[in-house]
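Protein chains: 2
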Amino acid sequence: MILERFMEEHLPGIERELDQCLPTEAAYPERLHASMRYSTLGGGKRLRGLLAVASTEMVSKGRSDLTPAAYRLAAAVEMLHAYSLIHDDLPCMDDDDFRRGKLSNHKVFGEALAVLAGDALLTESFALLAQLEELGVPAKQVTKIVREMARAGGSLGLIGGQVVDLESEGRVISAEMLEYIHTHKTGALFRAVLRCGAMIGGADVKELHAVTRYAECFGLCFQITDDILDVVGDEAKLGKKIGSDAEQQKITYVSLYGLDRARQLAANTMEEAKAAVVEFRPASDILCQLAEFVVQRDH
Amino acid sequence: MILERFMEEHLPGIERELDQCLPTEAAYPERLHASMRYSTLGGGKRLRGLLAVASTEMVSKGRSDLTPAAYRLAAAVEMLHAYSLIHDDLPCMDDDDFRRGKLSNHKVFGEALAVLAGDALLTESFALLAQLEELGVPAKQVTKIVREMARAGGSLGLIGGQVVDLESEGRVISAEMLEYIHTHKTGALFRAVLRCGAMIGGADVKELHAVTRYAECFGLCFQITDDILDVVGDEAKLGKKIGSDAEQQKITYVSLYGLDRARQLAANTMEEAKAAVVEFRPASDILCQLAEFVVQRDH
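So the protein sequences, as listed, match chains S and X.
Quick note: the first sequence uses the working numbering, first residue 877, plus one each step.
Quick note: the second sequence uses the working numbering, first residue 877, plus one each step.
If you are wondering where the hints come from, they were derived from the structure by calculation, not from laboratory data.
Possibly wrong hints are sitting among the right ones.
Given that identical chains are not distinguished, each listed pair holds provided it fits within a single copy or across any two copies.
Said to hold, decoys possible - Capping the alpha-carbon separation at 35 Å, the derived lysine-lysine pairs in DSBU-like fashion look like this:
#1 K1082 / K978
#2 K1020 / K1117
#3 K1117 / K937
#4 K937 / K1016
#5 K1117 / K983
#6 K978 / K1016
#7 K983 / K1016
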C-alpha cells in the first residue's frame, strides 16, 4: 500500500509547514491568530496538500530538493481552502454550526473575527506562494503559480461556484448548472493545486496537459462521491448529518442519475483520471491511488 | 498647480484600468460581478492608486514605459482597498449603511454577496499583481511586490488593525493602541503601495528607504486629518455624518491632543514626509503636493 507510506511520510510535513507558516497565537492580535489556527490546524484530510506534493513528485520523478517548495504550496492551498470553509459556514451563507465535527469558526470566535480570519488566511496564502522563490522555484514560475491560484480562487473560479450554489438553493437547477457549481466551487482549486505542483516539478507543456486532464477527472469523481456519501454515508465518520442535500432539495449526482449510475460514473471518472497520467508510470502510482482513495473513502 | 495636472493625466487612466481589470457585469455570475464593480468603480479619491503612480514616476524620473505597470499596481491596490471597505461595512463589523454617499454593498446586494465580492476583489488584486511581469516588471520584483502587498494586507497589517479597532470600540484605549490601529489599518497599505511603486520604478536600497520614510509620515498625517475632519468637516463634502468618533467615544488624535495640537501634528508630519524625499527633487514635487493635499483636503 504505497499511498499509506506516502501519507505517513508527508502528512506530518504538511502539518508542520502549516503550523510554522501560520502566525503563533502569541502574536498580536492574539484572537485573530487563534481563529486562523483553529480552522486550519488539527483536522481535515489535507487532500489538497497531498495533491500538491504528489503532483510535484510525479513530474520531478521524486526530486527531494523540491519537497520544501511542495510543502509551501500545500500550506498555501490548505489555508485558502480553510478560508473558503470559514466564509461558507457564516450565518449569511450556509449557516453551519459544525465543521469537521467541531464548532464552526464563527460559533467560537464570532462573526466579525470569522470574516477577518478568513480574509487573513486568503491573504497569507498569497504571501506563502510568493515565498516559493526562496525555496528554489524560479521567479517566472512563481508569478505563474500566483496567477493560477488567484484565478482558481476568484470570481470565475471557487467564488463564482459558491455564488451560484447559494443562488440555486431551494430551486430546481439543470445538470449544466450542477456541473458549473462543482467544477468551480471544488474543481477549480484541485485543478490549480495539481497544476502548480506540476509546475514546481518542472512540467513541460505536454506533462502539464496530462496533469490538467487528471485534475479535472479527479475533481468530478470527488464530487460525485461526496453526493453519494450524503445518501449512504456514516454520520459518525463524516462528522456531519447525512441526507442534508435531499432535505434542502439540492440537485446532486444522485438525485439526477440515481445511486447506481452515480457510482458507475464515479468509477468511470476515476479510471479516466488514472489513464490521463499513465505515461508517468510508475511515478504516477500515488496520484492513481489518491483517485481510488477519493472514490472509496467513507468520509 | 502641478498636482492638478498629474491628476488630470492619471485619474482617467487608473479608472480605465480598474474598469478593464474587473470582470464585466455580463460575465457569469453577473450579480457577483455587479457587486464587485459597484464598490470599486465610480467613487473614491483613488489616493492609493495615485500614490502608486507618483512613486513609480518619482523614482524612475518619469519613465513613461512604466506607466502601464504603475496603473496595474494602482488597480490592484484600489481593489484591495475596496474589499476592505466592503467587509468593514458589514453588519457584523462597523454596520455602516452608507459609503462614499451611496448605500453600502451589503445594503444593495445582501450580506452573502458582499462577503464574496470582497473575497473576490482581494483575490483578483493578487492576480493583477502577478501580471505585472507581462508589463515589463522583472519576475523577481513581482514576487517581492506580491509578498509586500500580502504582508501589508494580512493579519500583521490591515486586518490586524481592523481587529484591534473592533476590539477597542467603546473602551478607553492608550495612545500606543491608537497608533497601532492607524499604522496597521490604514498605514500599512499606504506604505506597501508606495514601496511597490518605487520597486516598479527601479528603486535602490537607499531610495526605497526614503520612500518608506515618506510613506510612514504620509499615513500618519492622513489619519490625523481624518480625525480632525470628523470634528470640523462638512458632512455634505465628506458624504458621511461628522461627530461619529465622539459619539462612539473613540479615542482619536483630536480627543487625545485637542484640535490645535492635532493640527500642528498633521502639519509637522506633512513636513517630515516632504523632507524624506527631498533628494529626489524636483521629481518629488508630486508626492510633496499629495502630502499637502491630504492635510488640506475637506473630505
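Non-conforming hints, listed in increasing numerical order: Numbers 1, 2, 3, 6, 7, in rising order.
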